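K.L.:
Top to bottom, those sequences are chains A and B. Taking this note's numbering as reference, the numbering of the first sequence is continuous, increasing by one, and the terminal residue is 421. Taking this note's numbering as reference, the numbering of the second sequence is continuous, increasing by one, and the terminal residue is 1421.
Just so you know, these hints were derived from the structure itself, not from any lab. None of the values given here were measured: they were computed from a predicted structure. Keep in mind that a hint or two might mislead.
[To be verified] Short, incomplete list of chain B residues facing chain A, as computed with Cβ under 10 Å:
1. Ile1022
2. Glu1025
3. Gly1130
4. Leu1142
5. Arg1226
6. Thr1228
7. Gly1229
8. Gln1230
9. Val1287
10. Phe1292
11. Gly1294
12. Asp1317
13. Gln1319
14. Thr1402
15. Cys1405
16. Leu1406
Each residue gets a CB set at the ideal place from its N, CA and C atoms; glycine is no exception.
The residues making up each chain are set out below.
Number of protein chains: 2
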Amino acid sequence: MKIYDIAILGLGTVGGGTYRVIEKEQEQIIKKEGFGINVKKVLALDYSVDIPEEKKAHSIDEIIEDPDIKVVCELIGGKTIAKDFIIKCLKAGKTVVSANKELIAHSWGEIQNAAKESGAGFYFEASVGGGIPILRAVQESLQANTINSIYAIINGTTNYILSDMEDHNRDFDEVLKEAQALGYAEADPTSDIEAFDSTYKLSILSSMAFGVHIPIEKIYREGITRITGQDMQIAHELGMTIKLLAIAKKNGNEVEARVHPTMIPLSHPIASVKGVFNSIYLNGSAVGELMFYGKGAGAFPTASSVVSDIIYAINMDRQHKYADYLDSDNTDVRFSTNWVSGYYLRFSVADRPGVLAKIAGLMGKHNVGIASVIQKGTAGDDVPLIFVTYDTAEEDLNAALTEICLLDEVNEVSASIRVEQ
Amino acid sequence: MKIYDIAILGLGTVGGGTYRVIEKEQEQIIKKEGFGINVKKVLALDYSVDIPEEKKAHSIDEIIEDPDIKVVCELIGGKTIAKDFIIKCLKAGKTVVSANKELIAHSWGEIQNAAKESGAGFYFEASVGGGIPILRAVQESLQANTINSIYAIINGTTNYILSDMEDHNRDFDEVLKEAQALGYAEADPTSDIEAFDSTYKLSILSSMAFGVHIPIEKIYREGITRITGQDMQIAHELGMTIKLLAIAKKNGNEVEARVHPTMIPLSHPIASVKGVFNSIYLNGSAVGELMFYGKGAGAFPTASSVVSDIIYAINMDRQHKYADYLDSDNTDVRFSTNWVSGYYLRFSVADRPGVLAKIAGLMGKHNVGIASVIQKGTAGDDVPLIFVTYDTAEEDLNAALTEICLLDEVNEVSASIRVEQ
């Protein structure tokens, strides 16, 4: 029986998990695939997992120069040394498996070119949705579909925070602090709560789903820091909840891609995705609605995808496929920004006669249809007044808001959250 | 650019859908895969879809003898002529794609042997879960996992009926008649409502997930005909719902496989799967909880899987993989029947003093722990008395029920539904 040698770069959460999963599942991999996997070399700064001495590499060259090693797993992460290592390995003809969403979102084309030149493969299932096999599904199961839309919860930290705010009626800051104490959020949570992480993942996922490169610069990004417990509570009163959704839609050559807090009906399949779970909901021309749900992070779920890529790469041998759309300049693709969606708007107003009529009038003037109105609290100079609109073009809404803010009775727009049905 | 010729056998819902999807999605298949698909021949009794004359085959031999045709899609269904056609095609070295769950569940080993002999491929993604790419995920994405358990809603008709009973507080017979009128249930609904269909699908799915052949004869089967509106209502009072679940578990060499109505908490991810949707929820050693959700039937969702298999088969060329566990006699696998689960038990009793104590006493005697008791209605000779038990071994429960039924006060066990948490 054939044993394939591989190398692992980085031995943190995912690297350690990958090493352990390969050890633990060796027997059933051999049973199902007819071959085994041997981690011949590991390159790491810190060997926290118990690794035999002879497996410890002392330089990337030791791995590159080892002709037995056909697949290298880059599990260092970030944009530092990882890219240099990946390019070196690919140029040496070694297939690379990576979970590095930030790097891939930024440098996918460059990395793939290095792979193409040498005929090596480049796989990155673990970069989106952790253990959820969404990229393989898009490539190997949905070939007969034109994918029209994606609605995805692809950041566990923010979903944990929003779920906790929802279930325990708490405010953002309070839950974030607790999440940090529990290790569900980083000491510097910016990448998660400001939605950078989701944006990287949406860039990769939507590019593969649409067969068109969706660069991160073309993705609108808005984090969850301004979501209040009050808005979450009102959402529930309206039969809805608030999720940080990564949304991408393609209609002919027109593409829109955006990550922002979104109100969705509680009856939507992804509304019930709680805590650190991820979920990708998409619509394909033949398959219709399809949803994937699972653990979006963690050592073993992510390792599940990494090891799957290793096995897949071995099975593909030298017949690797490449994302040719990365090379095209996409001149036929139009990235739209005048999106259509409903809006939840919470104004702070002085409760004087006629204020509701004035606001409603300005909305009507700009073609913004009103689905419902909620007036909260008693008279005063700072009373919340909530509108939910029907689907409306972003430009119309902004025009209406500009005029509304000029009204004497309106203190501010306290919240503006897009609504998807 | 290469165009691959294929043939379609059968032009009913799925055959017609497949023909149309190939026509409609040709352009994006070429863009993504670098090759096209041409339906060169169609063999059907009735050409309801508009097919050019020259594509109509007049016999299976015309297809078998055509050297251009590499892949044949068997979409006739059932156990009739389909098997004969499949075997003939495979023996002629043509790869076969099929959606025929009944046939595959019955004759998988025999069909696969014919494929192995000629080196042809045999693919059947569409046989389980319609458009949900669950079989490909098990084979190409979860290789690093020992799959421990599967909980699946894989019959749309019964899920439609149960959802309607749940949402509109109606009884089984009433909803079935309406489902038949609407075309959601067959004129002879036996295969669906008596859970034969789910059993075929669980046999295929669990065999692939566990890497061990789970023949249909080893799967316990119980349909939904005895579920009443009353039980659905009480389930809701208990924070639960009732689904027809296909359940398979593997623990070492011990396997259990069963299809039966099951009470599950409303908070479980599959509890919210409504109407004709399907969902497969599984637990893998590395990935943990994973769920797939989508349309389990219908022309285009099923065609999505069929066309995916065609493309996959073309890409695999002659390197087809086979389920070698079908050849083994599985002597090391033990199929258990003394399953452990909770139970919802509804007794009809005469409301006399001490009846509850007597029943509870007999349960205690046989190690059946009681989680909750509900007594409904007023005094009389036919009063419902409901128990929900903790997890208990099936044999213990049956021993308790046997003694309980001998009590003078107990008229009958009106309902007995397994509970999974």
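K.L.:
Taking the hints in turn, state whether each one holds.
P.N.:
Status of the hints after comparison with the structure:
no. : hint    : verdict
1   : Ile1022 : holds, 8 Å
2   : Glu1025 : holds, 5 Å
3   : Gly1130 : holds, 8 Å
4   : Leu1142 : holds, 7 Å
5   : Arg1226 : violated, 29 Å
6   : Thr1228 : violated, 26 Å
7   : Gly1229 : violated, 22 Å
8   : Gln1230 : violated, 25 Å
9   : Val1287 : holds, 4 Å
10  : Phe1292 : holds, 6 Å
11  : Gly1294 : holds, 4 Å
12  : Asp1317 : holds, 9 Å
13  : Gln1319 : holds, 8 Å
14  : Thr1402 : violated, 40 Å
15  : Cys1405 : violated, 40 Å
16  : Leu1406 : violated, 44 Å
The structure shown violates the earlier hints numbered 5, 6, 7, 8, 14, 15 and 16.
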